[in-house]
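One-letter residues, chain by chain:
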Amino acid sequence: MENQDFNKELLDYIYGEMSATEQKAFEQKLREDSKLKSEYDELTSVREELGKLEDKEVMEPFSTWGRRKSSSWNGRNKRRLVVFRPITAVAASLLILMVVGYLTGFSVSLNKTGFQVGYGKFISSTKEKVFTEDEVKSLLKSEIEKNNSMILARIGSSEQENNSRFASLETSLIQTEELNNQKYATNEDVERFFVSAESKNIESLQKYLATTSAYQQEYFKTMLTQFGEFMQEQRSADLNMIRSSFVEIKQSQNLQKKETEQVIASILTTVQQQK
Amino acid sequence: MTEVLENIALYHSKSLIEKSRKGDERAYGKLVGLWFKRIYNFSLKYFADHDQAMEVTQRTFIVVYKKIDRLNDVESFKYWLYKIALNHCREEDRRQKRNGWFSIFRSEEAHQIRSNLGNPEHEYQRKEKEEMISEMLKTLPEAQKVLIIMKEFEGLKFREISETLNISENTAKSRLYYGLKALKRLIEKSELNYKI
Numbered sequence: 001m002e003n004q005d006f007n008k009e010l011l012d013y014i015y016g017e018m019s020a021t022e023q024k025a026f027e028q029k030l031r032e033d034s035k036l037k038s039e040y041d042e043l044t045s046v047r048e049e050l051g052k053l054e055d056k057e058v059m060e061p062f063s064t065w066g067r068r069k070s071s072s073w074n075g076r077n078k079r080r081l082v083v084f085r086p087i088t089a090v091a092a093s094l095l096i097l098m099v100v101g102y103l104t105g106f107s108v109s110l111n112k113t114g115f116q117v118g119y120g121k122f123i124s125s126t127k128e129k130v131f132t133e134d135e136v137k138s139l140l141k142s143e144i145e146k147n148n149s150m151i152l153a154r155i156g157s158s159e160q161e162n163n164s165r166f167a168s169l170e171t172s173l174i175q176t177e178e179l180n181n182q183k184y185a186t187n188e189d190v191e192r193f194f195v196s197a198e199s200k201n202i203e204s205l206q207k208y209l210a211t212t213s214a215y216q217q218e219y220f221k222t223m224l225t226q227f228g229e230f231m232q233e234q235r236s237a238d239l240n241m242i243r244s245s246f247v248e249i250k251q252s253q254n255l256q257k258k259e260t261e262q263v264i265a266s267i268l269t270t271v272q273q274q275k
Numbered sequence: 276m277t278e279v280l281e282n283i284a285l286y287h288s289k290s291l292i293e294k295s296r297k298g299d300e301r302a303y304g305k306l307v308g309l310w311f312k313r314i315y316n317f318s319l320k321y322f323a324d325h326d327q328a329m330e331v332t333q334r335t336f337i338v339v340y341k342k343i344d345r346l347n348d349v350e351s352f353k354y355w356l357y358k359i360a361l362n363h364c365r366e367e368d369r370r371q372k373r374n375g376w377f378s379i380f381r382s383e384e385a386h387q388i389r390s391n392l393g394n395p396e397h398e399y400q401r402k403e404k405e406e407m408i409s410e411m412l413k414t415l416p417e418a419q420k421v422l423i424i425m426k427e428f429e430g431l432k433f434r435e436i437s438e439t440l441n442i443s444e445n446t447a448k449s450r451l452y453y454g455l456k457a458l459k460r461l462i463e464k465s466e467l468n469y470k471i
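Quick mapping for you: the protein sequence lines, in order, are chains A and B.
So in the working numbering, the last one in the first sequence is 275, and the numbering has no gaps at all.
So in the working numbering, the last one in the second sequence is 471, and the numbering has no gaps at all.
Simulated from the structure, these hints should not be mistaken for laboratory data.
All residues carry an ideal CB built from backbone N, CA and C; glycine is no exception.
Careful: at least some of the hints might be erroneous.
If the Cβ cut is set under 7 Å, some of the chain A residues that face chain B in the computed set are [as the list claims (entries may be wrong)]:
| hint | residue |
| --- | --- |
| 1 | Phe6 |
| 2 | Lys8 |
| 3 | Ile14 |
| 4 | Met18 |
| 5 | Lys52 |
| 6 | Asp55 |
| 7 | Val117 |
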């Protein structure tokens, strides 16, 4: 099935399974045959790659070999040893489990309530008390009585509370009524109040007007005096200003006259010189 | 160097196997110590998953423990051991395929664990490369993958592989050749993707 088109000698040479003379002859071939050389190179390169795959160090696992006396060992015993080793291991494991279970109080039980696994004591299935019909009735009766007495007590207390509330409400109503009575005045009282208030107002107005008219008269008098004084001062100031203006006009007229005389004089002199 | 160590291991294996067959448990313990890492790494390359590799390795040594008295030829211990490991790998692989979702979770978890280890950048790159090659190896056909693991990582000779897998040497060589070729193509493809 496998292709026989390969060089057996090449493999013998590569793996050093040739005699010295065979090796020499093959090396000669290798030098001469380039195809064979390339084949050789190819296989060698693969071997180089494979050489990178190093052996791994491994620890031999613990074994019981060599721990027994050789004299007591034969083919039969050996087989028995191999066969019984797992049984011994299982038995030892069970023994350890039993001891640990005993020490920790581990227990397993199967009863009517079910399958139980646990440590310590099991909580025993509780014997529930069963009541008879009469017991249930009496229990119900006592409970109803208790309930009724409680409700009655509550009703009594709420009645007292309500009474006290009604009493306080009544007193407050009376007080309100009294207040209402006090609140409204009669028409006569109102008229009397307005009349008294009117007369008081007139009196105070009269007093006010009297005082204010005297004060206003005084005020106007002083104001007029001050105004007269002011007007007088203003008049004298204006007169002074007019007077000084006249003086200024007169002075400028004189100056103009002098200038005109000078101009005429200068013209006369110029004319005279031209002549 | 690997070969020297393997020869030393094999030499010690012979006496240990003899003692184990006679019922010396101490000798069997030493035998396990000698081969545990090899079988673990063989399974790890097969699955690229620590948990699965660990499981297969442990199962392998349990079977060896049970059946070592039936091993007639001490010389064939190595092939016998690899054969048991490979059978368990195949069994685990079938189981993994049955529980697809679970294995996805597991490989994802393993990937996460691997990613969390080591912070420096070069360490990360190295791990990434390792993971990539592991994943590529996983995608190869099972027969080719087993050949590559046995030859490249376990250093078995073609004769030893043919004895372990009950196939001819030529078939072994052919599977290895085409496995390597397929791997080369995958590497080139991934490099191309990386460049893009």
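Hints and how they fare:
1. Phe6: holds (4 Å)
2. Lys8: holds (5 Å)
3. Ile14: violated (9 Å)
4. Met18: With a closest approach of 11 Å, the A/Met18 hint is violated.
5. Lys52: holds (5 Å)
6. Asp55: holds (5 Å)
7. Val117: violated (31 Å)
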